[in-house]
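Produce the complete structure using the sequences and hints provided.
If you read the protein sequences in the order shown, they are chains A and B. Position 94 of the first sequence, counting from 1, maps to 94 under this note's numbering, and the rest follow consecutively. Position 190 of the second sequence, counting from 1, maps to 190 under this note's numbering, and the rest follow consecutively.
Treat the hints as calculated values from the structure; they're not laboratory data. Glycine included, each C-beta is placed from N, C-alpha and C at the ideal position. Do not rely on the hints blindly, as some may be mistaken.
Across the chosen pairs, the derived CB separations fall in these ranges [said to hold, decoys possible]: (1) P102/A x Q123/B: 45 to 55 Å; (2) A30/B x D127/A: 51 to 61 Å; (3) Q130/B x Q130/A: 49 to 59 Å; (4) W52/A x P81/B: 54 to 64 Å; (5) L177/A x S202/B: 17 to 27 Å; (6) G45/A x D233/B: 44 to 54 Å; (7) A18/B x R182/A: 54 to 64 Å; (8) H224/A x T108/B: 52 to 62 Å; (9) E196/B x P228/A: 40 to 50 Å.
Stretch by stretch, here's where chain B covers chain A in the computed footprint (C-beta under 8 Å, at least three residues) [to be verified]: (10) 210-218; (11) 221-233.
There are 2 protein chains.
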Amino acid sequence: MRITAETVADGIREQLFAVSDIPGVLWTPADSSGPRPLVLIGHGGGQHKRGWEVVSRAFPYVTACGFAVAAIDAPGTGDRPEHPEIRRLVALIDEQEAAGEPFGPALTALYETVAAQLIPDWQATLDALQKLDSVGDSQPVGYYGLSAAGESGIRLVAAEPRITAAVLGLVACDWLLDAAARITIPVEYLLQWDDEGNPRDSVMRLFDALGSAEKTLHANRGGHFRIPPFEIDSSIRFFARHLGHAGVPSSL
Amino acid sequence: MRITAETVADGIREQLFAVSDIPGVLWTPADSSGPRPLVLIGHGGGQHKRGWEVVSRAFPYVTACGFAVAAIDAPGTGDRPEHPEIRRLVALIDEQEAAGEPFGPALTALYETVAAQLIPDWQATLDALQKLDSVGDSQPVGYYGLSAAGESGIRLVAAEPRITAAVLGLVACDWLLDAAARITIPVEYLLQWDDEGNPRDSVMRLFDALGSAEKTLHANRGGHFRIPPFEIDSSIRFFARHLGHAGVPSSL
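Now the structure itself:
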């Protein structure tokens, strides 16, 4: 792992890094050192590792819980090179959406293409992060990912035993039912009640399939992107409960 | 209102009271005075005002948020006299359950009979509580009630504008859809995923019917009575968000 840039602001150290050709970012408390629980945050479709939905979770996880938090760019996004096949599939899906047609096999192909690279990338990143003094390999690991990062997240969590708690959701993908059934860790699962692209029946079918003894569905009114802010707070408490926290902040 | 007994333990003042013939209990912080937000807690079927599911919520609401919390016995329960019609209907329902038969009109009749007395009782109790210095009539009011207290709670919340936030759920009662649609306050709504007596589709139909702009469904694995303890914590934060809290405790 190469650290390519480092800044400190508002009590948070931000380190940009690269694990071979995977660009990532690690946030840790600026004023402490030593191993700590780690949360990996996946970003949504068309976003990148420092997008608002990542940062809005990462910063409070660091400041309220003392966690390390990491994000990487998915293939074809952020600081990664163009990915011709992903670009072709996204353009095809955009055309189908504009024409009001169903996505058909293009959507599955897109997710398969992304996952074939992204899942091993996450695992290589986790290997590298656990060699850092500020993370270590003896601390629990969580994953947070919704929408496209929920799709890849179900695959990742099903495949990666180091991850012991996950916030997932906003996906309706029947092809993931088998992967969901292999998940046995605690899961907080988000559903937007009026998410037209992810019908609630399909989302709940995935929740139902999860093999976890502890799983909680949080359904809120509104469309795909309208997750209420109090769900960030809820995810903080979920991870604090399952990963512990490095400090004992006054806000918990 | 007559205060019939008062004790203090673990920082909580418990006052037993009667509002005409309605027996109730009020919990407030032992070490403070003056008006504060009030949470009314309804108890489940066959339980009473000081049952475990009431006390397990009431005590942390008082200690973590500084709220006043009140509960009353539903007709035919706790310190209230036997109610022959309720007793007859409960016996009939028990017989039907033992025989594996559907409850039919007896269940609706039971709920109607209870509600005809319980809703005005709650309103008279709220009138009396708001005259106390330790509650006052200028503070917000919440309601917490699941199962039978979710059934009556939907009726109460739909009828009582002084209640401005509610935790409801564990009920599948299609006859309440119109009442649910009249509810516009923030609601946290609980569903047990494997609750055989309250099929999830019916419970979600009620959630869907709620007219509230802010409504959150929390579904957890397990049967009717197996609500995970972290949902108590979630309800504390829900009420703190919507009712404010009298102090600023370190646990929030």
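We went through each hint and held it up to the structure:
Between P102/A and Q123/B the Cβ separation comes to about 52 Å, which falls inside the hinted range of 45 to 55 Å. Taking the beta carbon of each, A30/B and D127/A are about 54 Å apart, inside 51 to 61 Å as hinted. Evaluation of the 49 to 59 Å hint for Q130/B and Q130/A yields a pass: the beta carbon distance comes to about 57 Å. Our hint of 54 to 64 Å for W52/A and P81/B holds, since their Cβ atoms are close to 60 Å apart.
For the pair L177/A and S202/B, the supplied restraint of 17 to 27 Å holds, since their beta-carbon distance comes to about 24 Å. Here the CB-CB span from G45/A to D233/B is close to 33 Å, at odds with the stated 44 to 54 Å. In this structure the hint that A18/B and R182/A lie 54 to 64 Å apart at CB holds, the actual value being about 57 Å. Range check, H224/A to T108/B: Cβ separation about 38 Å, and the 52 to 62 Å hint is violated.
Checked against the hint of 40 to 50 Å, the C-beta distance between E196/B and P228/A comes to roughly 31 Å, which is inconsistent with it. Evaluation of the coverage hint for the region 210-218 of chain A: fulfilled, as 7 residues show C-beta separations to chain B shorter than 8 Å, against a requirement of three. For the region 221-233 of chain A, the stated coverage by chain B is satisfied: 4 residues place a CB nearer than 8 Å to a CB of that chain, which reaches the threshold of 3.
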